[in-house]
Amino acid sequence: MSNNCQPNGHTRVNNQPLFHITKRKALPWYYTWGIRGAAIVAALLTCAAVTSLLTGENPLEVFQTIGYGAFGTTRKTWILLQNLAILLCISLAVTPAFKMRFWNIGAEGQVLIGGLATAACMILLGDKVPNAVLIATMVISSIAAGAVWGGIPAFFKAKWNTNETLFTLMMNYVATQLVAFFVIVWEVPKGAGKIGIINQDTMAGWLPQIGDYKYLLNILIVAMLTVAMYVYLNYTKHGYEITVVGESERTARYVGIKVDKVIIRTMLLSGAVCGIAGLLLVGGTDHTITTTIAGGRGFTAVMVSWLAQFNPIVMVLTSFLLVFLDRGAGEISTVFALNHSFGDILTGIILFFIIGSEFFVNYQLNFRKNTGKEGKANV
Amino acid sequence: MKKLFSLALVLLMSLGLFAACGGDDTPANNDVDTKEAVKVGFIFLHDENSTYDLNFMNGVTEAAANLGLAEDQIIMRTNIPEGQECYDAAADLADAGCDIIFADSFGHEDYMIQAAKEFPNVQFCHATGTKAHTEGLDNFHNAFASIYEGRYLAGVAAGMKLNEMIAAGEFTAEEAKMGYVGAFTYAEVISGYTSFYLGAKSVCPTVTMDVTFTGSWYDETAEKEGANKLIENGCKLISQHADSMGAPTACETKGVPNVSYNGSTIGACPNTFIVSSRINWAPYYEYIINCVENGEAIATDWTGTIATNSVVLTDINETVAAAGTADKLAEVKTGLLDGTVHVFDAASFTVDGAALTGYMADVDTDAAYTPDTEVIADGYFHESEFRSAPYFDLQIDGINLLDTRF
Numbered sequence: 001m002s003n004n005c006q007p008n009g010h011t012r013v014n015n016q017p018l019f020h021i022t023k024r025k026a027l028p029w030y031y032t033w034g035i036r037g038a039a040i041v042a043a044l045l046t047c048a049a050v051t052s053l054l055t056g057e058n059p060l061e062v063f064q065t066i067g068y069g070a071f072g073t074t075r076k077t078w079i080l081l082q083n084l085a086i087l088l089c090i091s092l093a094v095t096p097a098f099k100m101r102f103w104n105i106g107a108e109g110q111v112l113i114g115g116l117a118t119a120a121c122m123i124l125l126g127d128k129v130p131n132a133v134l135i136a137t138m139v140i141s142s143i144a145a146g147a148v149w150g151g152i153p154a155f156f157k158a159k160w161n162t163n164e165t166l167f168t169l170m171m172n173y174v175a176t177q178l179v180a181f182f183v184i185v186w187e188v189p190k191g192a193g194k195i196g197i198i199n200q201d202t203m204a205g206w207l208p209q210i211g212d213y214k215y216l217l218n219i220l221i222v223a224m225l226t227v228a229m230y231v232y233l234n235y236t237k238h239g240y241e242i243t244v245v246g247e248s249e250r251t252a253r254y255v256g257i258k259v260d261k262v263i264i265r266t267m268l269l270s271g272a273v274c275g276i277a278g279l280l281l282v283g284g285t286d287h288t289i290t291t292t293i294a295g296g297r298g299f300t301a302v303m304v305s306w307l308a309q310f311n312p313i314v315m316v317l318t319s320f321l322l323v324f325l326d327r328g329a330g331e332i333s334t335v336f337a338l339n340h341s342f343g344d345i346l347t348g349i350i351l352f353f354i355i356g357s358e359f360f361v362n363y364q365l366n367f368r369k370n371t372g373k374e375g376k377a378n379v
Numbered sequence: 380m381k382k383l384f385s386l387a388l389v390l391l392m393s394l395g396l397f398a399a400c401g402g403d404d405t406p407a408n409n410d411v412d413t414k415e416a417v418k419v420g421f422i423f424l425h426d427e428n429s430t431y432d433l434n435f436m437n438g439v440t441e442a443a444a445n446l447g448l449a450e451d452q453i454i455m456r457t458n459i460p461e462g463q464e465c466y467d468a469a470a471d472l473a474d475a476g477c478d479i480i481f482a483d484s485f486g487h488e489d490y491m492i493q494a495a496k497e498f499p500n501v502q503f504c505h506a507t508g509t510k511a512h513t514e515g516l517d518n519f520h521n522a523f524a525s526i527y528e529g530r531y532l533a534g535v536a537a538g539m540k541l542n543e544m545i546a547a548g549e550f551t552a553e554e555a556k557m558g559y560v561g562a563f564t565y566a567e568v569i570s571g572y573t574s575f576y577l578g579a580k581s582v583c584p585t586v587t588m589d590v591t592f593t594g595s596w597y598d599e600t601a602e603k604e605g606a607n608k609l610i611e612n613g614c615k616l617i618s619q620h621a622d623s624m625g626a627p628t629a630c631e632t633k634g635v636p637n638v639s640y641n642g643s644t645i646g647a648c649p650n651t652f653i654v655s656s657r658i659n660w661a662p663y664y665e666y667i668i669n670c671v672e673n674g675e676a677i678a679t680d681w682t683g684t685i686a687t688n689s690v691v692l693t694d695i696n697e698t699v700a701a702a703g704t705a706d707k708l709a710e711v712k713t714g715l716l717d718g719t720v721h722v723f724d725a726a727s728f729t730v731d732g733a734a735l736t737g738y739m740a741d742v743d744t745d746a747a748y749t750p751d752t753e754v755i756a757d758g759y760f761h762e763s764e765f766r767s768a769p770y771f772d773l774q775i776d777g778i779n780l781l782d783t784r785f
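Residue numbers (the working numbering), protein chains in the order written: chain P, 1 to 379; chain W, 380 to 785.
These are computed hints drawn from the structure, not numbers from a lab. It cannot be assumed that every hint is accurate.
Within a straight-line C-alpha distance of at most 20 Å, the following computed EDC-like cross-link-like pairs (lysine to aspartate or glutamate) qualify [claimed, not checked]:
1. P/K258 x P/E241
2. P/K214 x W/D474
3. P/K76 x W/D474
4. W/K496 x P/D212
5. P/K99 x P/D212
6. W/K633 x W/E675
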């Protein structure tokens with residue numbers, strides 16, 4: 001974004017642009033708050049207007065349906081929490097890398113490869129070893145696979161300063177193709193291009209279910225990961241090193257931090273947590289592997305992490321917002337017979353306003369002073 | 380912390396809007412009917428933009444109209460992937476009071492079985508699946524149609540078009556080659572292209588066919604590229620078994636006749652579309668709804684046929700199809716109905732140069748693809764009789780597979 005500086009404002013009044021943008025000083029909390037609140041209100045009003053104009057449905061009913069889709073029944077609430085847990089897990093994974101200003105957009109591939117490792121264990125060792133040994137193998141191999149997938153671009157970045165954005169992105173495609181290859185190797189029946197539920201009869205390698213709650217284990221694991229990641233980033237030496245490297249690599253070198261080591265270590269961690277997400281998806285819920293099992297969440301996680309400004313606790317809320325809107329969108333398409341894309345349009349509008357509100361939190365618009373009055377911010 | 384607080388507020392505000400909706404969870408009792416109306420839930424892989432899913436949805440509309448179902452007796456869930464989401468959607472539909480839950484995609488099967496075990500009082504019906512006859516569940520059912528008969532008829536129309544082009548001197552009888560874009564090397568696809576080829580061969584004996592696979596049920600670019608490749612390799616007519624408009628539009632661009640699937644593509648391809656075969660799902664929907672209403676058991680494996688009006692052809696595009704196509708198709712259809720014509724007549728094809736006298740097919744799905752059932756009797760291959768989903772997976776002479784990666 002170009003920062004439009006004011007050149008000699010008082011001598012060249014006529015050439016002055018209609019408005020220019022300046023960075024704000026820190027705002028009082030209630031002001032920041034007001035801007036964000038106003039953004040949400042504006043977003044909901046826009047959604048309401050778009051809904052009635054395009055579909056003729058009552059916008060209040062549409063909002064109600066979104067809420068029903070997310071929380072309407074106990075089951076819907078559990079599904080929401082499960083989806084929240086997976087998205088949050090992947091968001092937690094990318095966060096240390098982002099905080100270090102390492103653009104890891106390879107979470108999708110790291111999750112896939114973790115899932116592939118899990119599936120491989122379940123298929124190849126399913127009836128050959130005791131279940132406890134099998135699950136331990138799955139945990140280790142999925143974490144290792146994710147870590148390796150994240151570690152490769154980090155190694156190249158640290159040694160030869162390769163572009164990590166391209167590298168991690170390309171690793172996604174490699175992972176997708178690997179999964180596609182193994183789906184064909186393990187497909188049932190022949191030629192079908194899908195594996196189906198692995199060990200459906202023996203349940204070998206399925207992560208244990210806590211009581212009657214299918215998704216509780218996943219949710220608890222991710223809750224613990226969230227706290228752990230918060231502590232790691234904020235209260236440990238590693239976390240501090242990540243912050244310093246992120247602020248300035250040169251400063252980090254100057255104070256004696258081994259930047260290469262931090263980059264590789266952080267990406268191993270990032271990939272490992274993605275590997276856990278793959279484990280939870282394949283071993284915990286889906287019990288299969290497909291090329292689309294991550295479902296774009298590796299990229300959505302980038303937004304979750306950024307919206308929360310890399311704070312793991314806030315990420316609970318940002319990922320909740322996205323999952324809530326997604327579950328609601330599904331319900332809208334069912335109840336109103338609207339295409340799923342309509343829900344996506346509403347989600348897009350709401351995100352646009354939320355992300356846009358950050359602009360007004362950090363910058364203000366100054367209008368041309370014709371009357372000598374003070375320029376005021378326009379929200 | 381400020382950020383946290385503001386987000387919490389945001390969420391509270393949005394939640395506040397939905398607070399009002401908690402009250403009406405319990406379905407209102409319909410006191411007009413003494414018998415409670417049957418409720419049916421549908422799970423679709425994509426939405427109406429996929430020709431495959433659209434064909435199922437059109438069936439729902441037709442069945443609902445025929446049976447006079449009210450709007451609240453039908454719940455449709457679209458864009459449900461072939462994973463845990465399918466189980467979640469099925470369980471959610473069961474919660475919503477559905478008596479029957481139907482899923483349309485092959486990869487949904489295992490998740491439907493999972494849900495069927497959990498909800499024994501709900502009937503789970505799955506199209507294109509293979510496991511119902513071995514799973515031993517009272518409430519899990521497979522359904523398909525003898526679409527190979529429809530493909531055969533479409534093949535006859537293709538063969539007549541080739542004959543017309545040969546007679547017009549466009550190419551010689553020896554150059555009569557068709558192209559086919561398939562999704563996977565799966566039995567359903569193999570059965571489909573083989574029956575199509577045999578239909579064409581029944582009227583144009585010199586015909587050969589090239590087949591290419593895309594490795595996806597829906598990949599518009601790959602299907603278009605596949606069709607283009609076949610046309611460049613000298614194929615005079617194209618058909619396909621994949622769900623996008625890729626192949627038909629490639630044919631329209633190059634002016635090559637096309638036999639379509641799932642529904643008519645005449646709107647986009649007025650100058651090349653000949654005819655399309657499709658499965659009409661309305662009879663099956665009506666059957667399962669009637670079964671549940673009358674308290675009867677649903678067949679474990681249901682195969683729709685031409686006789687049940689499950690296998691149908693769209694209107695013929697008279698401007699492209701060869702003269703007399705409609706009459707010929709009516710004649711062959713009568714033959715299929717009265718049993719004088721068999722699509723996989725062992726006398727009409729050879730495998731590695733020899734006629735087939737016996738073949739063990741993999742009818743009971745297992746990870747090792749074990750052949751388990753003798754399917755040749757009375758001189759023909761008994762397709763879709765031992766289970767509804769096709770299991771014809773032989774590579775017959777005259778069909779040349781360009782790639783078998785998938």
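Each hint, compared with the structure:
Simply put, P/K258 and P/E241 have alpha-carbon atoms about 9 Å apart, close enough for the 20 Å limit, and the pair holds. In summary, the hint linking P/K214 to W/D474 is supported, as the alpha carbons are separated by about 16 Å, within the 20 Å threshold. The suggested pairing of P/K76 with W/D474 holds, with an alpha-carbon distance near 10 Å, which does not exceed 20 Å. For the suggested pair W/K496 and P/D212, the alpha carbons sit about 15 Å apart, so the restraint of at most 20 Å is met.
In summary, the hint linking P/K99 to P/D212 is not supported, as the alpha carbons are separated by about 38 Å, beyond the 20 Å threshold. For a cut-off of 20 Å, the pair hint linking W/K633 to W/E675 is broken: about 52 Å separates their Cα positions.
Checked against the numbered hints above, the structure violates hints 5, 6; every other hint is satisfied.
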